[in-house]
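First residue of the sequence shown? That's 40 in our numbering, and the numbers climb one at a time after it.
It is possible that part of the hints are untrue.
[Unchecked claim] Straight-line Cα separation of at most 30 Å, DSSO-like style, residue types lysine-lysine; simulated pairs:
id, residue 1, residue 2
1, Lys95, Lys135
2, Lys187, Lys85
3, Lys84, Lys95
The set of hints was computed from the structure by calculation and includes no laboratory data.
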Amino acid sequence: MEQLVKKISLILLGLFATSVYAGDCDINLEATTAMAFTTNEIIIKKSCEEVTINLKVNGTLSRTVMGHNVVFTKKADMDAVVKDGIAAGLNNNYVKAKDKRVVVATQVIGGGESTSVKFKPIAFNTNEPYVFFCSFPGHSSIMKGNVKFN
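Whole structure, please, built from the sequences with the hints as guidance.
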């Protein structure tokens with residue numbers, strides 16, 4: 040009986056550890072009505088096979104008026120990606136089509152909306168600095184942060 044209890048305990052511990060691990064691979068990010076993200080640093084766990092970015096926009100304004108997205112690039116590429124994104128326009132989520140400098144990007148969404156995107160952390164060269172930002176015109180100057188790897 041004691042052996043059975045130990046086995047069940049180990050199984051339950053394994054299930055609990057799996058669910059905690061899975062949660063570590065989800066990043067929840069909000070864009071506020073003050074045109075800011077709820078954090079200025081995102082930590083990506085190198086141990087995750089896949090990461091999900093969940094973006095939620097607070098407020099009520101539409102995506103055409105006050106839309107937000109989140110884009111990940113090398114820090115050195117940010118300004119050029121923003122400039123090319125503005126030229127790409129809203130129909131392209133303010134991201135140039137097939138831009139190899141963009142590691143991952145969500146759709147542009149408006150108030151009360153949510154979106155998610157999945158990516159593999161292996162896409163990052165962790166020896167270089169990365170940033171995340173909103174590429175909606177004029178937003179990247181304040182809606183940005185650093186990406187760290189753990």
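Status of each hint after checking the structure:
no., hint, result
1, Lys95 / Lys135, "holds, 22 Å"
2, Lys187 / Lys85, "holds, 10 Å"
3, Lys84 / Lys95, "holds, 21 Å"
Consistency note: the structure conflicts with none of the earlier hints.
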